[in-house]
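J.: Next come the chains, spelled out residue by residue.
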Amino acid sequence: MSTLMEVPASKTKREVLDQAVIRFAGDSGDGMQVTGNQFTNTVALYGNDIATFPDYPAEIRAPAGTLPGVSGFQLHFSSGEVHTPGDSVDVLIAMNPAALKVNVTDLKPNGILIVNSDSFEESDLRKAKLTVNPLEDHSLDKFRVFPVELQRLTRVALQHLGLDAKASDRCKNFFALGMCYWLYNRSMEPTVRWIEDKFKKKPLLVEANKLALKAGYSYCEATEAFQISYEIPPAQLSPGLYRNLSGNQALAMGFVTAAQKAGLKLFLGSYPITPASDILHELSQYKNFGVLTFQAEDEIASITSAIGAAYSGALAITTTSGPGMALKTEALGLAVATELPLVICDIQRGGPSTGLPTKTEQADLLQALFGRNSEAPIPVLAAATPGDCFWIAVEASRIAIKYMVPVIVLSDGYLANGAEPWRIPNWDEIPAIDVKFATNPEGFQPYKRDPQTLARPWAVPGTRGLEHRIGGLEKQDVTGNINYEPLNHENMVRIRAAKVEAIVQDIPNQLPNGDPEGDLLIVSWGSTYGAITQAVSGQRAKGRKIGHLHLRYLHPLPGNIGDILKRYKKVLVPELNMGQLLWILRAKFLVNAVGLNKIQGRPFKQSELDQKIEEVLGL
Amino acid sequence: MTTTALPPLTKKDFQTDQEVRWCPGCGDYAILAAVQSVFPELGIPRENFVIVSGIGCSSRFPYYMHTFGFHTIHGRAPAVATGIKANRPDLEVWVVTGDGDALSIGGNHTMHMLRRNVGIKVLLFNNRIYGLTKGQYSPTSEFNKITKSTPFGSPDRPFNPVSLAIGAEATFVARSVDVFQSHLKDTLKAAAAHHGSAFVEILQNCNIFNDGAWTTLTEKEARSEQVLQLEHGKPLVYGRNRDKGIRRKLDGDIEVVQLGNGISESDLVLHDAHHPRPSYAFLLSHMEGRPGFPTPVGVFRAWDDLPRYEDVINEQVRQVIQKKGPGDLTKLLRAGDTWEVK
Chain A
1 MSTLMEVPAS
11 KTKREVLDQA
21 VIRFAGDSGD
31 GMQVTGNQFT
41 NTVALYGNDI
51 ATFPDYPAEI
61 RAPAGTLPGV
71 SGFQLHFSSG
81 EVHTPGDSVD
91 VLIAMNPAAL
101 KVNVTDLKPN
111 GILIVNSDSF
121 EESDLRKAKL
131 TVNPLEDHSL
141 DKFRVFPVEL
151 QRLTRVALQH
161 LGLDAKASDR
171 CKNFFALGMC
181 YWLYNRSMEP
191 TVRWIEDKFK
201 KKPLLVEANK
211 LALKAGYSYC
221 EATEAFQISY
231 EIPPAQLSPG
241 LYRNLSGNQA
251 LAMGFVTAAQ
261 KAGLKLFLGS
271 YPITPASDIL
281 HELSQYKNFG
291 VLTFQAEDEI
301 ASITSAIGAA
311 YSGALAITTT
321 SGPGMALKTE
331 ALGLAVATEL
341 PLVICDIQRG
351 GPSTGLPTKT
361 EQADLLQALF
371 GRNSEAPIPV
381 LAAATPGDCF
391 WIAVEASRIA
401 IKYMVPVIVL
411 SDGYLANGAE
421 PWRIPNWDEI
431 PAIDVKFATN
441 PEGFQPYKRD
451 PQTLARPWAV
461 PGTRGLEHRI
471 GGLEKQDVTG
481 NINYEPLNHE
491 NMVRIRAAKV
501 EAIVQDIPNQ
511 LPNGDPEGDL
521 LIVSWGSTYG
531 AITQAVSGQR
541 AKGRKIGHLH
551 LRYLHPLPGN
561 IGDILKRYKK
571 VLVPELNMGQ
581 LLWILRAKFL
591 VNAVGLNKIQ
601 GRPFKQSELD
611 QKIEEVLGL
Chain B
1 MTTTALPPLT
11 KKDFQTDQEV
21 RWCPGCGDYA
31 ILAAVQSVFP
41 ELGIPRENFV
51 IVSGIGCSSR
61 FPYYMHTFGF
71 HTIHGRAPAV
81 ATGIKANRPD
91 LEVWVVTGDG
101 DALSIGGNHT
111 MHMLRRNVGI
121 KVLLFNNRIY
131 GLTKGQYSPT
141 SEFNKITKST
151 PFGSPDRPFN
161 PVSLAIGAEA
171 TFVARSVDVF
181 QSHLKDTLKA
191 AAAHHGSAFV
201 EILQNCNIFN
211 DGAWTTLTEK
221 EARSEQVLQL
231 EHGKPLVYGR
241 NRDKGIRRKL
251 DGDIEVVQLG
261 NGISESDLVL
271 HDAHHPRPSY
281 AFLLSHMEGR
291 PGFPTPVGVF
301 RAWDDLPRYE
311 DVINEQVRQV
321 IQKKGPGDLT
331 KLLRAGDTWE
341 VK
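Heads up: the protein sequence lines correspond to chains A and B, in order.
Residue numbering for the first sequence follows this note's numbering, beginning at 1 and increasing consecutively.
Residue numbering for the second sequence follows this note's numbering, beginning at 1 and increasing consecutively.
Worth flagging that the hints you see were computed from the coordinates, not collected in a lab.
Among the hints, a few may not be true.
[To be verified] The calculated BS3-like cross-link candidates involving lysine-lysine, where the alpha carbons are at most 27 Å apart (straight line), are: (1) B/K323 / A/K198; (2) A/K201 / B/K185; (3) B/K185 / B/K121; (4) B/K331 / A/K201; (5) B/K121 / B/K234; (6) A/K200 / B/K323.
[Claimed, not checked] Which bits of chain B does chain A cover? Going by a derived footprint, with three or more residues having C-beta under 8 Å, they are: (7) 80 to 90; (8) 285 to 294; (9) 329 to 336.
From a predicted model like this one, the values you see are computed outputs, not experimental measurements.
Quick reminder that beta carbons are idealized off the backbone N, C-alpha and C, glycines included.
This is chain B alone, in the form it adopts within the complex:
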């Protein structure tokens, strides 16, 4: 390892010479641009970045990043990444995945990686459709959605990725949107700063098979009226005139209230992303899809007091070596009862 100081990295340093093969207008371009502009700011040598992906449109991502990259098989990126991180905790490992890859075929690995708190950042591009296989419904598609494989409407209830990650007790869970560039960059930076597993759902448009997937949030009007930006320590306020908020009810549930008429910001829920227990974040995640409620974006939960999996297992190795001394192969082979034949 050389210690020579290198010139600071720039966005260009993370671009590859590979022709980007996403459809023109795809939301993935915006996410790629955001990641390429955030990575140089993290102070991590470029060779220490590893981007691991599964299968799907989003999973082409590593080819366009000038880092170490591993395009694996469908759904298995979190498991491959876990092997990398367990063996090399010093590496900065990011998983790029989609709603089908992470929640359908790879649901098991996503859930267990989060449970173990492996220090991996997961970017889940959620366009609510299978794009690469040309338009079947995904585990995040709306109930009754008409797609190629559901001409009479999807019979499945969708997963809420944020609820799922919080349910698996992920220590960092956030949501952003492909077209909210500065919010997206801030969210990526917050994820990068987290030591344990960081799960970021990025709402993303598929202009070919599911155009307008998130227009209810991304249209100019909707952006302020339908989106609640979460900020730690701040009250849950939204609306163009910051005139709506979220208040706790006596039964523990939450409700949307109009500010004024005796209701002020001090009556609202103060966002606490650092709470050790996931219940509050889970409640927040369930606002999405509730009539009259906004969709929260930002950091739902960032509780970083849990040791990382890779540190635990490598620490165990260190402790056993300390206790037993480094392994001696001759002793190992000759362990137990032996006898000499002359």
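With the rest of the complex left out, here is chain A:
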């Protein structure tokens, strides 16, 4: 099969581009996520910078061919820096009329549209609620349309293997992938390796998928269908060893790393919930790092078991999404009152209630900051990119242990499933995490605090002479004895708040990107980092004086935020919610900031940001 790996010289024209956006769209059973991930991995390995946007329905298999069943995977790859998956696409692969109908509005004029023409029968059109065949009514005339009989050609390529039609049809996504590799002059080798590994117990499927991939490639080669192919040279990333990483993978690896840095066992208590479950799946594979994963009976047991593990000396974490956060609320208060180290990850999705399980949103910020009974301050950190999830996991663990406090990490569906090239750090680039278990019974008191951090001692069961009682009832400082006296309660409430505020001493003052002062400051947090970075860079290239302050620490905020806000004439806060950070900034700093708010379960587009920036600047 050696010819499979080679990229033969083509007779067709080859054009060098600096970037491209490609979207694979099909039925949720068509393997679009696998196809997209394979293409991503290949171009990342080649050295392009990338950003991805997987977009799939909540239903595992919505009725085949229907509009709600459409699953998509978008990839932006470039020889320059990439921060977003792109507003519109250069190449759209549509496996059926529903996928075409849902996605074609995002295809650029003159963009390449590859459609599976085998799926445009009367019944297919009906499922997509189309009355006329879009391949025939000239509605697609502004695109370069390539109808390909993906189903029939795949069957022909595999006919000698003796697979049934259904199994053969399942390989058609690899036929399409092969075509895309030809179109962008990419080697099939990484995908071949993946296929061989993935189906190693089913040699027939290895053969079938490899053949389908190769057939797609050869089809383009033989038919010269496209007349043109593209080349996108590698990007100039900062030197180092890279891998492709999604946000959920990064969180899982970050926590394993933090546990190793701290010399602790890692305990995950979790209950399956979209889009957080992959963290549980990832961590359950790392048992040789001493990781214990506990799939609890519910969200409440997942956090309370983690509290038990923290109490007994593990680095304990729990992972969930918004509805699960709501259920964990009372236990969060217990972790605050007992002052135990714990990291809670909320991978946000659209809400309220069950909402949009597979779509992204940033609307749990206020829940993270305030969603508990009484005064229960908790530090809140938010990851900016998929790769940043790794660093946020390490930082949250460090703060939790140093200050003996629960810490909330906010990620979202976009970061969780999106991927980017990630520079792999060396051991000594990762911050140290010091653990000091109490061991000396002499003068031991469960709530005697470190004067600098206000942390109480971590005194784990099994330590002779340190027997003591803790709990959710109000207690006296130092002794930890139950105490309901009015002034004691006020004192304890203030101490718990002061302890969280003390973390400011550990957070670097933050400098805005772009202009250090000027006409407009954009303040953001979470997964909007990429889109806003790209928009600010574009606007500054046009000579506009704009700074961008992206917050990773949301509670406590870095100490210099108030000063920075004063250096700009206007402040804009774009968020995928109704204006939650905006509300905080206005309340805390009395700044007349305005919001850009999008609540569609989707990330910002460049055009939306550009339009608002120009509006605020009065342009």
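Starting from the known structure of chain A, fit chain B onto it as the hints suggest.
T.: This is chain B only, laid out in the frame that chain A set:
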């Protein structure tokens, strides 16, 4: 860890300086005394005991025990305890809970902890009432009971805690009574000796909101006429004159029989607490509340052949390490396809 031999522990070693805040006359005092006298006999270092509780009168228990103690939130003690035991199988973890805490708000955790056979001892203080919230009916209150929240009678059918635990296939299930001091201590010792989950229902009086909750069993006369003491390998006999017993019927059910007139102890059911299947223990648990039947106390079921949850998950870790070698972080971070940018 020091290995110096320490003087043997005494009851006093398990008492704290905290003022006990249960109502005078509460059944909890007797249970506290029994636990404090049993713990020193177990040969376990004091620092290895962890008592975890939820919310309710019984859940104040950890404050009065000089061990590690964690007073958590309502219903969640079994889940917190599971986290402790999973992380530290070497610790001796006891959960103290009540009928509302364990069977109402925390029913889910109780059931799943028992299903997993986590090596935790659960003491469920059953006074058939919500005491700390001042007298509402609980999931073990009798049907039609008049309480603060049911002035016209409770419409709920009660749970039988022992049936529930056996239904969840708990590997150790027992019942004792606050005022049966020596029986209670023996039952606690039997629970302590069990490796897997041990569930002990302790019938307990609330002299403020449900006084006389169990007088039908605890009055002097009733003690022998209404209570059947279960002993493994012995026939099911009871009565002041040991003249009544439990016999199997042909249809598989059981009946109360009067001994004599051709019926002897050899006709009675021999108590088998070690049976691997829970059906027989379940049948026994259903005697309670059946007209004419006594209420069994003692060990219903003690089948200890099931591995403990904490051992299974930690063994899994050991096996994966053996197979793959201890985790190498550099390898983990560099796993999969990587590329170098110069």
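J.: If a hint holds in the structure, say so; if it does not, say that too.
T.: Now for the hints, and whether the structure bears them out:
Among the hinted pairs, B/K323 with A/K198 is consistent with the structure: their alpha-carbon atoms are about 21 Å apart, no more than 27 Å. With a C-alpha separation of about 57 Å, the suggested pair A/K201 and B/K185 falls outside the 27 Å cut-off, and the hint is violated. Pair hint B/K185 plus B/K121 holds up; C-alpha atoms about 14 Å apart against a cutoff of 27 Å. Distance check on the hinted pair: B/K331 and A/K201 sit about 25 Å apart at the alpha-carbon level, within 27 Å; holds.
Annotation: proposed proximity of B/K121 to B/K234 holds, straight-line Cα distance about 25 Å (limit 27 Å). About 20 Å separates the Cα atoms of A/K200 and B/K323, which keeps this hinted pair within 27 Å; it holds. Counting residues of the region 80 to 90 of chain B whose beta-carbon sits less than 8 Å from any beta-carbon of chain A gives 10, enough to reach three: the coverage restraint holds. Figure legend: the region 285 to 294 of chain B, annotated as covered by chain A; annotation inconsistent (0 residues with Cβ-Cβ distances under 8 Å, at least 3 required).
Counting residues of the region 329 to 336 of chain B whose CB lies closer than 8 Å to any CB of chain A gives 7, which reaches the minimum of 3, so the coverage claim holds.
Of the numbered hints listed earlier, those contradicted by the structure are 2, 8.
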